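Colleague: Using the hints, position chains Z, S and R with the ligands against chain G.
Chain by chain, the residues run as shown.
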Amino acid sequence: MAEIVAGIGVPHTPVFPSQVARKGPDCEEARLYAEIEAHLSDARADAILLFSNDHFNTFFLDNFPLFAIGVAPATSGPNDQTPMPAYDVPVHEPLAAHLRRSGVLAGFDIALTQEFTLDHAFMVPWHFLNARQRTPIVPFFIDGFSNPLPSAQRAWDLGTMLRKAIQAYPGKERVAVIGSGSFSLEIGGPLADKGERSGTPDKVWAGHIQKRMEAGEYLQLISEATGERMARAGNAAGELLNWLAMIATCGGGKPLTMKPQVDHGHAFGVWSVP
Amino acid sequence: MAEIVAGIGVPHTPVFPSQVARKGPDCEEARLYAEIEAHLSDARADAILLFSNDHFNTFFLDNFPLFAIGVAPATSGPNDQTPMPAYDVPVHEPLAAHLRRSGVLAGFDIALTQEFTLDHAFMVPWHFLNARQRTPIVPFFIDGFSNPLPSAQRAWDLGTMLRKAIQAYPGKERVAVIGSGSFSLEIGGPLADKGERSGTPDKVWAGHIQKRMEAGEYLQLISEATGERMARAGNAAGELLNWLAMIATCGGGKPLTMKPQVDHGHAFGVWSVP
Amino acid sequence: MSVYGIHKFFRTCLHDTAFRDLALNEPEAAMAKMPISDEEKQALRDGNVAWLYEHGVHAFLLSYLTRWNLFGVTVPMYSERIHQAKDWRVP
Amino acid sequence: MSVYGIHKFFRTCLHDTAFRDLALNEPEAAMAKMPISDEEKQALRDGNVAWLYEHGVHAFLLSYLTRWNLFGVTVPMYSERIHQAKDWRVP
Ligand SMILES: [Fe+3]
Ligand SMILES: [Fe+3]
Chain G
59 MAEIVAGIGV
69 PHTPVFPSQV
79 ARKGPDCEEA
89 RLYAEIEAHL
99 SDARADAILL
109 FSNDHFNTFF
119 LDNFPLFAIG
129 VAPATSGPND
139 QTPMPAYDVP
149 VHEPLAAHLR
159 RSGVLAGFDI
169 ALTQEFTLDH
179 AFMVPWHFLN
189 ARQRTPIVPF
199 FIDGFSNPLP
209 SAQRAWDLGT
219 MLRKAIQAYP
229 GKERVAVIGS
239 GSFSLEIGGP
249 LADKGERSGT
259 PDKVWAGHIQ
269 KRMEAGEYLQ
279 LISEATGERM
289 ARAGNAAGEL
299 LNWLAMIATC
309 GGGKPLTMKP
319 QVDHGHAFGV
329 WSVP
Chain Z
59 MAEIVAGIGV
69 PHTPVFPSQV
79 ARKGPDCEEA
89 RLYAEIEAHL
99 SDARADAILL
109 FSNDHFNTFF
119 LDNFPLFAIG
129 VAPATSGPND
139 QTPMPAYDVP
149 VHEPLAAHLR
159 RSGVLAGFDI
169 ALTQEFTLDH
179 AFMVPWHFLN
189 ARQRTPIVPF
199 FIDGFSNPLP
209 SAQRAWDLGT
219 MLRKAIQAYP
229 GKERVAVIGS
239 GSFSLEIGGP
249 LADKGERSGT
259 PDKVWAGHIQ
269 KRMEAGEYLQ
279 LISEATGERM
289 ARAGNAAGEL
299 LNWLAMIATC
309 GGGKPLTMKP
319 QVDHGHAFGV
329 WSVP
Chain S
465 MSVYGIHKFF
475 RTCLHDTAFR
485 DLALNEPEAA
495 MAKMPISDEE
505 KQALRDGNVA
515 WLYEHGVHAF
525 LLSYLTRWNL
535 FGVTVPMYSE
545 RIHQAKDWRV
555 P
Chain R
465 MSVYGIHKFF
475 RTCLHDTAFR
485 DLALNEPEAA
495 MAKMPISDEE
505 KQALRDGNVA
515 WLYEHGVHAF
525 LLSYLTRWNL
535 FGVTVPMYSE
545 RIHQAKDWRV
555 P
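Residue numbers (the working numbering), protein chains in the order written: chain G, 59 to 332; chain Z, 59 to 332; chain S, 465 to 555; chain R, 465 to 555.
Keep in mind that the hints were calculated from the coordinates and are not lab data.
Mixed in with the good hints there might be a few duds.
Using 27 Å as the maximum straight-line C-alpha spacing, the simulated DSS-like pairs for lysine-lysine come out as follows [said to hold, decoys possible]:
1) 317/G with 261/G
2) 81/Z with 317/Z
3) 261/G with 312/G
4) 505/S with 261/G
5) 269/G with 312/G
6) 252/G with 81/G
7) 81/G with 269/G
8) 252/G with 497/S
9) 269/Z with 312/Z
10) 81/Z with 252/Z
11) 252/Z with 497/R
12) 505/R with 261/Z
Fair warning: this is a prediction, and the values are worked out from it, not measured in the lab.
Just chain G, same shape as in the assembly:
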């Protein structure tokens, strides 16, 4: 019986590692990630289930999974030229294999990925939260970026299933869960800021998500977070699905802390694990 010991939500903004390296440990991003790193360290996890979404780097449209899980001894990244250190990343292969098998048997059509590298969506969280601890991860890929996306309900159901599967794992592992991404972010599209490559087109939606999460109002959030609603908040706003899967895996409780970066349309959160 493995145990879920921490739930965490963070952004994976690819410029953060180089910005923090330049600005130093007192800048806002450095402090926000450092607090979460401390929380994760205190949780003494043996494995980290990390939900994030590839940005056409690990996978391409020749064979693009809606859900995939990395089952291998190790991986590495970043594979997308993000300006940050390169890392070798241990994978908790037995837990990954168990979760994939459990998912398939429970009716989740999860692709199996036995040789792969990771892009900034996984490696930015790794860099800030786990590069020192080096806890083995289980990389879980949710399509949050290439329409049609899985529904918010499907991401939630996925987390609910994985929670049971973790609890049924025949080992005493302490498992932390991370979901990573933005609530509102447009890259390269008409909703980007004028003169810029990206922007945060819907800070109201991002703030609304935060309020729903703080109130534990997930049923309402799931019904509101249609594919169209997320798309109107930017072409990366589907990354909310990574958070929903994380929260469901953690049992659907309220966040213990949630600190937004309003201008970025994202937040840093720590979840209760009832």
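Modeller: Just chains Z, S and R with the ligands, lined up with the frame of chain G:
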């Protein structure tokens, strides 16, 4: 409103094309396929939804989908050195895109495959049933070969969903549905015949499947066809899933005709499309 | 039109530096290596990001144009043009 | 052990004729190109198909040995040995 106009089940035994070329049009396989080709031709289909399973040729374990759908203008095959003619194959791209989108929105986690070739599992049915007509296909990949497989219930639910999605397609296309594969077949494993590379280890199971299908007893068949039960009938016996998806897409009726090749552990069937 | 070839063009520019160099130095040769239509090629030559977006190109991949100023497209040019595009997301 | 490297070895033999030739002519060099363990290499050298099967190798890919008599394994040898394997499918 597209319409389902034919349901067909056939094997995809890779030696059949070369055997039939050698033995001529009067051999058993030639006649069995020819009858089905005539039925398909009479159905005047505009598109063929073809369920089959890749054998590590189109996909490999670096990124192995449980379900995938080919969405492209065209494809080709065989890509696995099966001794048979090479074909360019038109794909019904709009229908394929519609079915993928419908599936994702309905909670089926189907990988998107926009550049691909096909192995014998698709090309043997193409060769015998469609090489003359050249009706565009929608290639649907179900993992029937690499454990864990989707459950029989999941394959059935997939077909049920696709039936609705076809009927909701905004076009007047007449759609035929083919499922391809064996009920009992072992390749390279301990259940193969002594001295041979393959064998038909469970003719009883294959015969039982046929009886269940003839009686329309799909609920019973689904509950019997566990992953373990199929595995005991050989490592290709999971290809039954392709048939179950086809039958569910056709509305779950009884076969009009079903002709077994007992020694091969497979059959040739034509379905009612109520 | 699936715009798959356009997606592959940009993705390959990121992951294959030899192809990226070809796209910068001999764009016609680079385009010829990809399954893209004549209409798509013309849109690339023209830096017509609005047309490409409207025809279904993923904006994230499309904006790779500005990473290396492919076809001469800079961030300000890109931004001005993409804001002219009809946004099919918002009905 | 995931036996992924063994699967990749056989799959590459089918799809890459240069690799297949290498596997036939310089099997040690071919194995060195794949992520396979020393134990797995020894099992390949020995044509120990029972051990490979028992450790999770998919029999379909494993039987590629006999397509080109890799490591000297013929169909009769393969058949005799695979029937010695403990079959993990049937509890
Ligand atoms: Fe992202
Ligand atoms: Fe097969």
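Colleague: Which numbered hints turn out to be false for this structure?
Modeller: 4, 7, 8, 11 and 12
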